[in-house]
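Novice: Starting from the given sequences, assemble the full structure and let the hints guide the process.
2 protein chains.
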Amino acid sequence: MFFASCDPDRENLSLYSNADGSWVVSLPAEEVPPELPEPALGINFARDGMKRGDWLALVAVHSDAWLMAVAFYYSAKFTADQRKKLFDLINTLPTTYEVLSGKGGKKMKVATAANNNKRPAAAMVRFEFALISARKTSRALVSL
Amino acid sequence: MFFASCDPDRENLSLYSNADGSWVVSLPAEEVPPELPEPALGINFARDGMKRGDWLALVAVHSDAWLMAVAFYYSAKFTADQRKKLFDLINTLPTTYEVLSGKGGKKMKVATAANNNKRPAAAMVRFEFALISARKTSRALVSL
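In order, the protein sequences belong to chains A and B.
In terms of numbering that gives the first Met the number 0, the first sequence is residues 0 to 143.
In terms of numbering that gives the first Met the number 0, the second sequence is residues 0 to 143.
Please note: incorrect hints may appear among the correct ones.
Cut-off 27 Å, straight-line C-alpha distance, at most; resulting in silico cross-link-like pairs (DSSO-like, lysine-lysine) [claimed, not checked]: (1) Lys102/A to Lys50/A; (2) Lys83/B to Lys102/A; (3) Lys102/B to Lys84/B; (4) Lys76/A to Lys50/B; (5) Lys83/B to Lys84/A.
The set of hints was computed from the structure by calculation and includes no laboratory data.
Specialist: As structure tokens, this is what we get:
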């Protein structure tokens, strides 16, 4: 699902997290400057030029960075103490990259170039699982 | 200088910090996905539709968010403890927005719509001063 939606033949796409915790691959905001920091643009163009695991890692790391940007954009008026509390909350959760690489607990089994054809669907389900950690991060913001 | 370089008649521009601590208004990276998280695009388009102080605050907040994204993009392989150390280092410095708004110590006197014509150059010098705090944030990364 995620892999297929990142078709390199489409325009430059980004992976967005919605406020309800769902994720969607979409075109960038039409209006610039955008209302919020934007996630990495053109993840679909990188899809077929890398090993699938490396590409997923790239998207995960960009997603983690973007979530931090959004978190601290929203908290621009926080004091240093409030920022510290927010960060500590976020930091209790593994990053998307950690879940993907298995360093944050349960390891994802990502379909590599060698087994792409065998189980792409399973790999996508697992990538969506990885994004749950980022989703929780988003929720931490709302509860603060 | 900064104000003039954000001409709304130019293409969509972003405010970048270089590795040496200098700042530059520039076009976005040509290659997508970009090597690093990108700062807010099209800051120049917002320049003349807002009060100057509000526009500077918008750019400052986007710059702070972007610096966090870059910091945590670089530290994708850090453990939670290392991320915490990095954040605590960053958080000892005021944000660009705090310096701009005077909440981080020395208050910047930003030229508002009312006194734009009197001292735009002074306002720009002060905005550059605000960015020094962000620059220090970048340096904290390198020293970690």
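Novice: Compare the structure with each hint and give your call.
Specialist: Tested hints:
This hinted pair checks out: Lys102/A and Lys50/A have alpha carbons roughly 20 Å apart, not beyond 27 Å. Note on Lys83/B and Lys102/A: the hinted pairing holds, with a Cα-Cα distance of about 16 Å set against a maximum of 27 Å. For the proposed pair Lys102/B and Lys84/B, the alpha carbon gap of about 24 Å is at most 27 Å, so the pair holds. Under the criterion of a C-alpha separation no larger than 27 Å, the hint pairing Lys76/A with Lys50/B is consistent with the structure, at around 19 Å.
Our distance criterion of 27 Å between C-alpha atoms is met by Lys83/B and Lys84/A, whose separation comes to about 11 Å.
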